[in-house]
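Colleague: Chains A and B are the protein sequences, given in the same order. The first sequence begins at 346 in our numbering and counts up by one. The second sequence begins at 586 in our numbering and counts up by one.
For the record, the hints were derived by calculation from the structure and aren't laboratory data. Even for Gly, the Cβ is constructed at its ideal location relative to N, Cα and C. Watch out, some of these pointers could steer you wrong.
Which stretches of chain B does chain A cover? Using the computed rule of at least three CB atoms under 8 Å from a CB of chain A, they are [what the hints assert, rightly or not]:
(1) 644-656
(2) 725-734
Listed below are several chain A residues computed to face chain B (Cβ distance under 10 Å; list not exhaustive) [said to hold, decoys possible]:
(3) Gln385
(4) Asn428
(5) Val457
(6) Val462
(7) Glu467
(8) Arg478
(9) Phe481
(10) Ser482
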Amino acid sequence: VNSKRRLLVITAIAALGFGVWAKGTSASAVDCLGRDYLSQGGLSVVAEYDIDGAKQQQMRQFASAEALSGTPRRVRLVDLVTNDDSGTARRAVLVEIPLSGIPYELYGPVGVPPVTVSTPCEVVVLEPDGSYRFTFSFAKPVE
Amino acid sequence: MLDSASTIAYHRRSSGVWIGGDETRILLSTALSVALLWPSGASKVNAAGCDPHASDVIGSKFAYALQSNFPLIDGVRASVLEYRPFVPFELFKTRATSAWVMLSQIGYPRWAQIGWQEYALNYRKVFVQYWNGSGYPVTEWNPNPDWTYGEYKVVYTGTQFLFYNRGTLVKTVSAAFNPDEGQIASEIANELNQMPGDYGALSFMAFNNMNKSVAGHWGQYLPTSVSTSNNAKWYASNTRGGMNSATQLVTADKRGDCA
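Let the sequences and hints guide you as you build the complete structure.
Modeller: What follows is the structure, encoded as structure tokens:
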């Protein structure tokens, strides 16, 4: 009985550990161009337009020049409302750059312990001509 | 501020050309980058400032001026030098050096800050980071000109945080906490990085015109504490000759080439 109980405990701990690991590294499970992720930064897409493959590739190149790391993936041409311009929608190109999602320690104020967070991706926001506007990412605490 | 352990896939900042491809190609590209940079003088390529020649010790260290335990504080601002520190390239990880102003809540990981940050290979941005109730959104913009001064400011309205870069409102967000502390600091996220300021050369990182707002009225910052994470390694002072201790702060690194 004891050995079975021990095995059960070990299995439960392993499952829990795997769950934490999977949660921290499941960057692909987050839709980084979706409403939920963008809303964390006060960004809202109010319209979307087609963008051809060649243009998408060009925008990936522009975005990669502004990114710290990662390889650009999806591209969207949208009308974007930010919380910086009084609710006015502006045409923008969103380029998703997946990151590792590996949990890391985020430091904030002096005297406060760091928070373990995971950042699944960053979104490079470009003007329609490819010039840089800003980059958004969201570091979510890992429970 | 930022202590990102995100993998550096492949830096393209010098060429501006994206190559793309799978992870194998990325790793090969990174290795090629290292080969090109080493040993021909990575420090010359990567950095201004001075090399502290330190060990790889991850975790943020600060040189700071605090304004603690001030329940009515609702703004912090300072004219901040756009210093270019030494930030070495680290394979598969990257950790920033930064300088910023902040409103925070004592004892909790809740903050709203704006400033500049620099990673290796000249990746430099103005950044805003804050607690929004569920995590920490980060927004980055193109940097201000090197070695110039300009004001960063964060304001709490009771319901929102407002972030200003050189007088321009760059972000407005809903407030998820009530601040009771102001912080102004230089920060390194790895001891390999130079704390802004070169102590040996008496070339300091500087924060001027530091102010806090209390109940809507701006006045001198009057820090309650000025120090560093380790005074043997780093330097912070508001009392050097000629300084206004109520409104000025300098920081520096005391190690290696900075000694």
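Colleague: All hints, please: hold or fail.
Modeller: Here's how the hints hold up against the structure:
{"no.": "1", "hint": "644-656", "in the structure": "holds (count 5)"}
{"no.": "2", "hint": "725-734", "in the structure": "holds (count 3)"}
{"no.": "3", "hint": "Gln385", "in the structure": "holds, 5 Å"}
{"no.": "4", "hint": "Asn428", "in the structure": "holds, 5 Å"}
{"no.": "5", "hint": "Val457", "in the structure": "holds, 5 Å"}
{"no.": "6", "hint": "Val462", "in the structure": "holds, 6 Å"}
{"no.": "7", "hint": "Glu467", "in the structure": "holds, 8 Å"}
{"no.": "8", "hint": "Arg478", "in the structure": "holds, 8 Å"}
{"no.": "9", "hint": "Phe481", "in the structure": "holds, 5 Å"}
{"no.": "10", "hint": "Ser482", "in the structure": "holds, 5 Å"}
Going down the numbered hints, you'll see the structure goes against none, and every one checks out.
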